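> As a plain string of letters, each chain reads:
2 protein chains.
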Amino acid sequence: MIATIVGTGLIGGSLAISLKEKGVANWILGVDQLEANLQKAQELKIIDEGASLKDAMQRSKLIVLAIPVDALLQILPTILDNAGPEHVIMDVGSTKEKILQLVAGHPNRGRFVAAHPMAGTEYSGPEAAIKNLFTHKTMVLCDVKNSDEDALEVVENMVDKLQMRLVYMNGVEHDLHTAYVSHISHITSFALALTVLEKEKEQGRIFELASGGFESTVRLAKSSPDMWVPIFKHNRNNVLDVLDEHIHQLQQMRQLLDSEDYETFYKLIQKSNKIRKILK
Amino acid sequence: MIATIVGTGLIGGSLAISLKEKGVANWILGVDQLEANLQKAQELKIIDEGASLKDAMQRSKLIVLAIPVDALLQILPTILDNAGPEHVIMDVGSTKEKILQLVAGHPNRGRFVAAHPMAGTEYSGPEAAIKNLFTHKTMVLCDVKNSDEDALEVVENMVDKLQMRLVYMNGVEHDLHTAYVSHISHITSFALALTVLEKEKEQGRIFELASGGFESTVRLAKSSPDMWVPIFKHNRNNVLDVLDEHIHQLQQMRQLLDSEDYETFYKLIQKSNKIRKILK
Numbered sequence: 001m002i003a004t005i006v007g008t009g010l011i012g013g014s015l016a017i018s019l020k021e022k023g024v025a026n027w028i029l030g031v032d033q034l035e036a037n038l039q040k041a042q043e044l045k046i047i048d049e050g051a052s053l054k055d056a057m058q059r060s061k062l063i064v065l066a067i068p069v070d071a072l073l074q075i076l077p078t079i080l081d082n083a084g085p086e087h088v089i090m091d092v093g094s095t096k097e098k099i100l101q102l103v104a105g106h107p108n109r110g111r112f113v114a115a116h117p118m119a120g121t122e123y124s125g126p127e128a129a130i131k132n133l134f135t136h137k138t139m140v141l142c143d144v145k146n147s148d149e150d151a152l153e154v155v156e157n158m159v160d161k162l163q164m165r166l167v168y169m170n171g172v173e174h175d176l177h178t179a180y181v182s183h184i185s186h187i188t189s190f191a192l193a194l195t196v197l198e199k200e201k202e203q204g205r206i207f208e209l210a211s212g213g214f215e216s217t218v219r220l221a222k223s224s225p226d227m228w229v230p231i232f233k234h235n236r237n238n239v240l241d242v243l244d245e246h247i248h249q250l251q252q253m254r255q256l257l258d259s260e261d262y263e264t265f266y267k268l269i270q271k272s273n274k275i276r277k278i279l280k
Numbered sequence: 001m002i003a004t005i006v007g008t009g010l011i012g013g014s015l016a017i018s019l020k021e022k023g024v025a026n027w028i029l030g031v032d033q034l035e036a037n038l039q040k041a042q043e044l045k046i047i048d049e050g051a052s053l054k055d056a057m058q059r060s061k062l063i064v065l066a067i068p069v070d071a072l073l074q075i076l077p078t079i080l081d082n083a084g085p086e087h088v089i090m091d092v093g094s095t096k097e098k099i100l101q102l103v104a105g106h107p108n109r110g111r112f113v114a115a116h117p118m119a120g121t122e123y124s125g126p127e128a129a130i131k132n133l134f135t136h137k138t139m140v141l142c143d144v145k146n147s148d149e150d151a152l153e154v155v156e157n158m159v160d161k162l163q164m165r166l167v168y169m170n171g172v173e174h175d176l177h178t179a180y181v182s183h184i185s186h187i188t189s190f191a192l193a194l195t196v197l198e199k200e201k202e203q204g205r206i207f208e209l210a211s212g213g214f215e216s217t218v219r220l221a222k223s224s225p226d227m228w229v230p231i232f233k234h235n236r237n238n239v240l241d242v243l244d245e246h247i248h249q250l251q252q253m254r255q256l257l258d259s260e261d262y263e264t265f266y267k268l269i270q271k272s273n274k275i276r277k278i279l280k
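These protein sequences, in sequence, are chains H and D. Sequence positions in the first sequence follow full-length UniProt numbering and run 1 to 280. Sequence positions in the second sequence follow full-length UniProt numbering and run 1 to 280.
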């Protein structure tokens, strides 16, 4: 199968590597707004060939859209306009409700499979693409009842070959749960970096004192605003809701520390420790 | 040299392993309130022998106190009372000001070296002890002018053999900078876990959707309240100060999202990205 990756960055590039390695595709076309990305992706042997979107759609069966969710909103309707029964169009966006609403009534809606692999790193661009990024991670497929059976089968087969765990949700559920489990983590990490940069005027101290713990909580703050602002925009209501809860939890901890109620503070930490059981 | 580790948990146990491996000590005595910890530490060959504190002080030169900072406050004066010119007493506590104040006028103050290795994991107990925990990490030594030269030399030599980066500070600076770089990370992580546990009533979803990013920001929330409540208590003023800044940053992000000012939101994320340059 010939597959096209639109957006040859971290996710698109890593997927290209895996599709080839796991035998899902034997030739990968890359499409990217940035000529430099295409060149880099080819140099790194992530893609076999750069192409225009038009050319890529003529030549390939599977088209994966690995671009920021705002760009996805702009491009997806046109791609579906030009899709035929031979095409499978899949996205990998971090929000789903707006995208699914947008294409809900499209005559070629069935060729589209809405997907979100729960995997990534804080880096971006083709250089950030890595092998096995998706192995043993979760792939969420949304509103699959609106995808044609054969298109869904192509994607499910890929998920299987990539050794991913498959989860089905509707778009509304997806955006709610990812706000809780993924989007809020990024907000806290961005805010933590801003906090430390604001308070720690002696920046050399940050480098000296940063242990694994600090690096781990702050690493998502290296993530690209080009990717994340559109996500927060699309999922604004859910993010605001979980952010309110998070600010409330911090205020509660602040109040307990201020009033020196260490007993309740202890119990709160114990309660937070329950995350141990859930994560493994 | 015979060394004693008081508190054979994550830090004490890992240090015991390194002292032996790097040739700093050839025999390790373990002292622990919990008999089970001692047995486990011996079984895992982390220590050579369990001992009482009294016995251990008679037999060893270097005594490392790797216990929670509240327990340290209680035990350190007695240990100094019984220390002779042959002893070097070192702690590894995460706060310093209160401890240094406590022993400031002690006649044997010179035998004490206040140390804080910027290393750890979210786990605790002897089973959590690991090799090379300290390699290439920072060791902060505080108020060294109040330690006897020969005692300081023993510790500096250890730091060198452990291939650690050495940083000197006074206790007040130490507590300020660690509040910014280490303690606040733990607060944000505990609060994030509480947020997610509060919002995500379908706990299975957390496990399914948790990617590396979520795991990394929330992992410190597995940390023990026995260790952390005393730290927050000792460093209350600095922690409250940085926590206020953190809540302020989150409120600012919340306000920008609420008013849909995505341009300023974008700039804030870009600003937080500066952490990239500082961390490497």
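Keep in mind that the hints were calculated from the coordinates and are not lab data. Watch out, some of these pointers could steer you wrong.
Copies of the same chain are indistinguishable here, so a pair counts whether it falls within one copy or spans any two.
Unchecked claim - Okay, derived cross-link-like pairs now, DSBU-like style, lysine-lysine, Cα gap no bigger than 35 Å in a straight line:
#, residue 1, residue 2
1, 20, 267
2, 199, 45
3, 40, 201
4, 20, 54
5, 20, 199
6, 45, 271
7, 40, 145
8, 145, 271
9, 267, 201
10, 98, 137
11, 131, 201
12, 161, 271
13, 277, 61
14, 54, 199
Remember, it's a predicted structure, so these values are computed and weren't measured experimentally.
> All hints, please: hold or fail.
Consistency of the hints with the structure:
1. 20 with 267: neither (50 Å within a copy, 37 Å between copies)
2. 199 with 45: Result: close neither inside a copy nor across copies, 44 Å intra and 43 Å inter.
3. 40 with 201: neither (37 Å within a copy, 44 Å between copies)
4. 20 with 54: Within one copy only: 22 Å inside, 65 Å across.
5. 20 with 199: For residue 20 and residue 199, the Cα distance exceeds 35 Å both inside one copy (47 Å) and across copies (39 Å).
6. 45 with 271: Cα proximity of residue 45 and residue 271: across copies only (33 Å, versus 48 Å in one copy).
7. 40 with 145: neither (38 Å within a copy, 55 Å between copies)
8. 145 with 271: neither (39 Å within a copy, 42 Å between copies)
9. 267 with 201: Both. Shortest intra-copy (34 Å) and inter-copy (20 Å) distances satisfy the 35 Å Cα cut-off.
10. 98 with 137: within (24 Å within a copy, 46 Å between copies)
11. 131 with 201: between (39 Å within a copy, 34 Å between copies)
12. 161 with 271: Neither: 38 Å inside a copy, 40 Å across copies.
13. 277 with 61: Close neither inside one copy (42 Å) nor across copies (41 Å); limit 35 Å.
14. 54 with 199: This pair counts as neither: shortest intra-copy Cα distance 51 Å, inter-copy 44 Å.
In terms of the numbered hints stated before, the structure departs from hints 1, 2, 3, 5, 7, 8, 12, 13, 14, listed from lowest to highest.
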